[in-house]
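Residue strings, one per chain:
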Amino acid sequence: MEYSLGQEELDVIEEVLQEDLLDLGVNCVFLIDMAGNVIANLDNGQMEHDIYSLAALAAGNFGAVSEMAKIIGEDEFSLLFHKGEKESIHFSKVMADFLLVTIFGKETSLGFLRLKVAEAVGKIRKILEP
Amino acid sequence: MYDGLFVIRFSVKGNGSSGKHCPARYLILAFVNLKKKEVQVKVVYYGPGRGGKTTNLEYIYKRFNKRIKTEMVTIKTHGDRTLFFDFLPFDIGKIKGYDVKIQLYTVPGQVKYDSTRRLVLRGVDAIVFVADSMKVRREKNILALKNLQKNLLSYKKSIFKIPLVLQYNKRDLADQGIPVLPFEILEKDLNSQLKAPSFEASAMSGENVVQTMKQIISMTMRSLQRDLK
Ligand SMILES: Nc1nc2c(ncn2[C@@H]2O[C@H](COP(=O)(O)OP(=O)(O)OP(=O)(O)O)[C@@H](O)[C@H]2O)c(=O)[nH]1
Ligand SMILES: [Mg+2]
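Protein sequence lines correspond, in order, to chains A and B. So for the first sequence, my numbering puts the first residue at 1; every next one is plus one. So for the second sequence, my numbering puts the first residue at 1001; every next one is plus one.
Hints should not be assumed to be uniformly reliable.
Below, a list of computed lysine-lysine pairs in the PhoX-like style, where the Cα atoms sit at most 25 Å apart [stated by the list, open to error]: (1) LYS1195(B) / LYS1150(B); (2) LYS83(A) / LYS1076(B); (3) LYS1150(B) / LYS70(A).
Simulated from the structure, these hints should not be mistaken for lab results.
Given only the sequences and the hints, what does the whole structure look like? Please build it.
Encoded structure:
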């Protein structure tokens, strides 16, 4: 895995995350790589989640689920989502090496969120693509 | 490093054309975030099952609990064996103006968990190999080291190039009359080709646990500092 991003590109990524996701009411969103490194993270200012631990676990979790998919002959599972009482967490792969993780509350519907995540992922992909 | 670089993670690909900014000395540079002025370094503790990898991290966590603000993350079975990994983020302060975040991971040592072990190794910057000094574990150490070499290769990394420290753990057992491999044998078995720094340690009592960690961090930092200008 090899990638590099300029500061400008990162600014654009943060802008996308802000406008497409945070402004719509999600609590927290972060972009990580599959090694568990945090590339960008934004939240609504009310969250105190430990992003670095979440990133390590999200990368591991995603890796494990991908291996399961392979074993049963699927390329990947299209919906990766854990529902909680107050907060839920949604994962979306961005190309081969990145993962967009979104944490959102009850007031955001899953359908709407998926739509918005897909839009954001499309934009981020354009930036990350070599 | 070239101007304006924000995030950079190298792995040398076969054609060697990774660009002018890629120093080929080490296969990997850590993860550098120029915008946040932050470096994330992934250090993985590897080694045979029950060798003491988790105990190393637990000791570090206890010892530095004032500096480590978050909980240690562990995914283990009821029997206390690591099922996926342990994770301990460790801030070591600033180097050349960059906040350096060391991220310590352990792998599950049990043979059957090879696929999860490989997942944890993804994006690794440096390795601590924790060998078990008990005489009965001699073969297991050798197999685990071979397994490490193989799994690194699956990410196109060489065990000879990645920063690596060996730790011969459980030295305290000798005092209890439990047969322990002499240092020389361990060196011959595991380190005759690698020639990596090695430590006799006891993760239980903490002996040389911090030294092991300091050694791997300083080796990683040395390769990093050259590039953080
Ligand atoms: N006497 C002694 N026991 C140790 C030492 N280090 C670890 N142990 C013991 O060895 C056992 C296994 O230690 P762990 O740290 O869980 O080993 P591990 O390498 O994480 O094992 P896996 O997760 O299965 O890969 C535990 O009962 C520890 O208390 C040591 O230095 N001396
Ligand atoms: Mg363990």
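To see whether the hints hold, each was checked on the structure:
Of the pairs offered as hints, the one joining LYS1195(B) and LYS1150(B) holds, with about 18 Å between alpha carbons and a cut-off of 25 Å not exceeded. Of the pairs offered as hints, the one joining LYS83(A) and LYS1076(B) holds, with about 23 Å between alpha carbons and a cut-off of 25 Å not exceeded. For the proposed pair LYS1150(B) and LYS70(A), the alpha carbon gap of about 21 Å is at most 25 Å, so the pair holds.
In the structure shown, no violation is registered for any of the earlier numbered hints.
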